[in-house]
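Trainee: Construct the complete structure from the given sequences, taking the supplied hints into account.
Take a look at the letters that make up each chain.
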Amino acid sequence: MFDRQASRLYDVLEQRQRLLLRTLLAVLVLCIAGLFFFRFESSMDDILPKDEVISRTLAFFRNSEVTGKVVISLGLTDPARGTDELFAAADRVAASLDRGLFPEVQTGLSEAAIVEDMDELLDRLPAITSRDDLAGIERRMTRDQISQRLRSTYLQLLKPEGMFLGSLARTDPLGLKGLALQRISALSSAMGYQVTLKNGRFVSRDNRHTMIIAKSTVSVIDTEGSKRMLSSLEGILSTLPGFVSADVIAGHTHSVSNERLIKGDVAFIGVVASIGFLLLYLVIIRDVRTVLIFLVPAAAILISINIAGLLLGSLSYWVLGLGSTVAGITIDYGTHVYFAVSGRSDPGRYVKHVIRPVVFGSITTVAVFGAFFFSRIKGYNEMALFSIICVVLSTALALFVLPHLLVRSGARHSDFVDRAALVLEHGDWSRRSFVIIWVIATAALSWFAFTIEFERDIKRVDGTEQSILDAEQRFHGVWGGKTMPAVLVVAAPDYQQVLELNEQAYGAALRAVGPEQVTSIAPLLPSARTRQENERQWKRFWSPERRLKLRTLLAEEGAVYGFSEQAFEPFFAGLDRGSARTTDAPSALSSRFVQKTDNGFQALTFFPDREELLDAMSGVSSGVPGSYLVSGALLARRIAEDVSADLKVMTVAAFVFVLALTYFAFGNVRETLIAMVPPLTSVIWLLGIMELIGMTVNVANMVAGVLVIGLASDYGIFMVFRSRDDVKAGTILAITLCTLTTVIGAGVLVFAKHPALSSVGVTMVVGVTAGYLASMLVVPYLCGPSSARQAGEVRA
Amino acid sequence: MGLLPLLFAALLLPVQGRAEEGPAAAPGHPPAAVLLDRLGKEASRFNTLKTEFRQEKHLAIFRDAVVLQGRIFLQKPNRIAWHVDRPVKYSVVISDTTVRQWDEETDRVQQVSLAGNPILQNVLRQLTVWFSGAYGTLLEEYDVLVIESSPVVLRFQPKKNNMASRMVRHIQVEFRDDGRYLKKITVLEQGGDRTDITFTNTLFDVPVESGDFEVKRRV
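Protein sequences appear in the order of chains A and B. For the first sequence, the numbering used here begins at 1 and goes up steadily by one. For the second sequence, the numbering used here begins at 1001 and goes up steadily by one.
Warning: the hint list may mix true and false statements.
No farther apart than 25 angstroms at their CA atoms in a straight line, the calculated lysine-lysine pairs in the BS3-like style are these [said to hold, decoys possible]:
#1 B:Lys1184 / A:Lys159
#2 B:Lys1050 / B:Lys1183
#3 B:Lys1076 / A:Lys159
#4 A:Lys159 / B:Lys1041
To give a feel for the contact side, a few chain B residues facing chain A, derived at Cβ under 8 angstroms [stated by the list, open to error]:
#5 Ala1060
#6 Ile1061
#7 Asp1064
#8 Val1067
#9 Trp1082
#10 Asp1085
#11 Asp1103
#12 Arg1169
#13 Gln1172
#14 Asp1193
Since the hints were derived computationally from the structure, they do not count as laboratory data. The beta carbon of each residue, even a glycine, is placed where N, CA and C say it ideally should be.
Mentor: Have a look at this one:
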């Protein structure tokens, strides 16, 4: 039935081949033009699973204060130069920045604003002093404690550091402001950065670096905009004097670097793979018509880009990067057709013999790509769509267009190929020794295959160039902040509501992990309700009796150190101040902890990003509505879990599809199982060898791993068909050539600079080679003596 | 970012500001920049210095003025020892990156890393500038008014964007007749508190003993 319909279609199209070729040519011209209208992206987001935690984490970073900002760290390289010259250079850079690209440029903090913030916080003492704090104050109001404190104040005033403390000491004999100051200094440790101020400038601990923070209008994922922005920045930084070094820290550098690397790799892969293919077909086979085989996947890819682009709106460079591998696969169909029709006077008859294996091979490959739709990774879905279109088109072009072009050009391939075909087709591949070696190797590698690990660190497949990583390392060496904390995010539409939830989260966090582990603005920025309650308690606490007692104690004990009777009047005057200056807007000090978002506000509580704390804080998060955790460790864990789960589902789906289709092709269990030997061998050998050479399964190479199943199953199907067919249509030579083309296409990827593409290359080379060896050395023996017996004419 | 430890320092200390305009001179006096340059050159001629000081603190918190007496030792480029003998014994020795402190009350020597202590770092930076004679750097932080040119009396008023302006009304500095070193520093705070430091028996380029830079040398 299938064969009859396929033969009919072939005959129909053969009769209309002129129209077919013209139409194809027109479509190709349109597709070339279409390339200029599509948007290509290089974001890594698409190769991450669609998961709530991952999406939320990425969205948090995207919306955070850090994202979109460009930090320029300027350093003095000449020991003889001073910070004044550094500041002058920083000023020139800041003034030169294009305000269209950098509307906000900051070289430091307004000291006046800091003092305003500090004053405001100290004025809030009644509002931020809790019941427990008041109990602590009560304990300080004994004669001994007061005497000790006044002695300490007296001594401090005599030291150089007490030069301007006289006025402050008058307002705070009990050290109450220390309560607020302790909380403020605790906030500073949250991010681990160590920045000081000098002349209102950001200055590093070594006093040799300053920093410019510029807010950019360019999105981090806008690679074209990022390139323009960084180019403008490089131009400005190139004018810096020789004694000033500059490091640019920005998400944009990663985007541009990834794109540059992938583009470079794609160009490199394209050129080298093309040269490899041409050498293989033109020099070894020595038949100019082989260019036509090469053109089949090229045309298919061109049309596929357009169709996928139309369906998806944009295409990732990822999809294009893997295009060369796909090309290596789809070139197989043309190769089979080429060897079937070469030298035949009646190509139609021989093409019809390969239609069934080619189509079933193609369908199994489509099915393998279909398994990618089970993945939650958008990039995989896109690649599956692109690849399926590409495979279907390649199959159609190879079966219904290529034979006519081959016959028209009429040339023949080299004697070398004839001899090779003869050897391959008549060779005795059915040997028990091969099978024994295969069994031993497979058993040994399966031991390692089950211990392979998933790559948890997404950065390991990030193609950021070393120079950028070096710059970041230098930056962290100078400014700290290398270890990023995890964050408990509390979100609410209303500012007061978010403060209340933040208090709730902070209280729960204290109970869950202890005060040393959490950093929150909650003790300094309580909700209105808590503030009012604190103020009521403060007023009740400072009763006339308590004031009199303290006044007396201060006067009596202060006299010993020469303090005047009125020394601490400013303190008593300040006890009755309310929170008139308190506003709802986050101050400069608290803006890192309470932020405005598109949907309202979010408050952040920081804690060390460690597994045990994450588990405890996860419990806190589940008890606070609208809260969630953002953590690098959690992100890595979730990616590994999702990718691992995806891989299992995709592998099972691919095997089930391939198994079903193979059974459909052969109609019996025995041949189906034999045809499945190459894909099973591929997977076991691949995972085993990866483990042996220290590779891990990552989000990029797992795609290649699943792809290998499809390829190897093709080899199995072809070899089993060969064993039952009385017409030898050059199957072994074709499979060998197919393997070579795939290994060339994927082998070039091994040398790609982008770690993800490189790992894909290794996976493909190892997997395909294993599948080829199994199909050549194991399948014939399992198929039985018929294979050798039926080895009739290979060609005339 | 870890700016917050600075907030405390920022509140308490005269942190530097940026230069906005040139130093002023009262009519009939040479410009302050010229004087500061000349004084800086004078100060650059010595490598070691020993001086006694008397510090009078007229603070509202005290019933009477508090008088401190002690000695300062300086060895360029960056070693300063500040020893207070009365009314309490206290010493602080500043070197490149560390500060050692001792006081009679606790009788403990504390070594503090400047990198980790921005408050002390700022105070000592100011002290170092005043005592070592690097007056030119003060132009960035203060408006300078020449009160007298012979002997030189200068008034340093913190610039508006300098946080010191919140606490310090001005700092008046009198130089010796020969211009080689400070004679008296007067710090007038915004609240009216005043501190006078008078330097006497100043000796230049005399040998300094290693004990002069020990915080517990006297015990």
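Trainee: Run every hint past the structure and note whether it holds.
Mentor: Results of checking the hints against the structure:
Annotation: proposed proximity of lysine 1184 (chain B) to lysine 159 (chain A) holds, straight-line Cα distance about 18 angstroms (limit 25 angstroms). Between the alpha carbons of lysine 1050 (chain B) and lysine 1183 (chain B) the distance comes to roughly 13 angstroms, so the proposed pair stays at or under 25 angstroms and holds. The straight-line distance between the Cα atoms of lysine 1076 (chain B) and lysine 159 (chain A) is roughly 22 angstroms, inside the 25 angstroms bound, and the hint therefore holds. Between lysine 159 (chain A) and lysine 1041 (chain B) the CA atoms are separated by roughly 30 angstroms; this puts the pair beyond 25 angstroms, and the hint is violated.
For alanine 1060 (chain B), the interface hint holds, the least distance from its beta-carbon to any beta-carbon of chain A being 7 angstroms, beneath 8 angstroms. Interface restraint check for isoleucine 1061 (chain B): the shortest CB-CB distance to chain A comes to about 5 angstroms, inside 8 angstroms, so the restraint holds. A distance limit of 8 angstroms between C-beta atoms decides the matter here; for aspartate 1064 (chain B) the minimum to chain A is near 6 angstroms, and the interface restraint holds. The beta carbon of valine 1067 (chain B) is not positioned within 8 angstroms of any beta carbon in chain A (closest approach about 10 angstroms), and the interface hint is therefore violated.
Interface restraint check for tryptophan 1082 (chain B): the shortest CB-CB distance to chain A comes to about 6 angstroms, inside 8 angstroms, so the restraint holds. Because the closest C-beta pair between aspartate 1085 (chain B) and chain A is about 12 angstroms apart, greater than 8 angstroms, the hint is violated. The criterion of a C-beta within 8 angstroms of any C-beta in chain A is met by aspartate 1103 (chain B), whose closest approach is roughly 7 angstroms, and the hint holds. The restraint placing arginine 1169 (chain B) at the interface with chain A is violated, with a minimum CB-CB distance near 11 angstroms, outside the 8 angstroms limit.
Annotation: glutamine 1172 (chain B) was flagged as interfacial toward chain A, and the flag is violated, the nearest CB pair being 15 angstroms apart, outside 8 angstroms. Interface restraint check for aspartate 1193 (chain B): the shortest CB-CB distance to chain A comes to about 5 angstroms, inside 8 angstroms, so the restraint holds.
Consistency with the previously given hints fails for numbers 4, 8, 10, 12 and 13, ordered from lowest to highest.
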